[in-house]
Amino acid sequence: MGSLGHNLSAETTKLYRGRTQTPPILIFAANDDNRRDFADRLTAAIQGCYPVLAKTPLGFFQDEV
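Residue 11 in the working numbering sits at position 11 of the sequence shown; the count goes up by one each step and never skips.
It is worth saying that the hints were derived from the structure and are not from the lab. Each hint should be verified, as a subset may be incorrect.
Pairwise CB distance ranges, derived in the manner of DEER restraints [as the list claims (entries may be wrong)]:
#1 65 <-> 32: 25 to 33 Å
#2 21 <-> 47: 14 to 22 Å
#3 42 <-> 63: 14 to 22 Å
#4 65 <-> 44: 14 to 22 Å
#5 43 <-> 21: 23 to 31 Å
#6 45 <-> 65: 24 to 32 Å
#7 40 <-> 60: 15 to 23 Å
#8 31 <-> 64: 16 to 24 Å
#9 64 <-> 30: 25 to 33 Å
Note that beta-carbon positions come from the ideal geometry of N, C-alpha and C, so glycine has one too.
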């Protein structure tokens, strides 16, 4: 169980436990190329202070549902 009682996929839980106690920032992108680029840019902008979980909507639904 995640904070606030939400169910998390095994992948999300592994990321959540492996880095910090801070829940990951979830970002959505239209396709895989944009997802990687946006995640890299966001990670650089926040200087790695928070975990980032970048997904396409389809990838998110496959992992969480």
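Hints broken by the structure, by number, lowest first? Checked against the structure, the hints that fail are numbers 1, 4, 5, 9, while the rest are satisfied.
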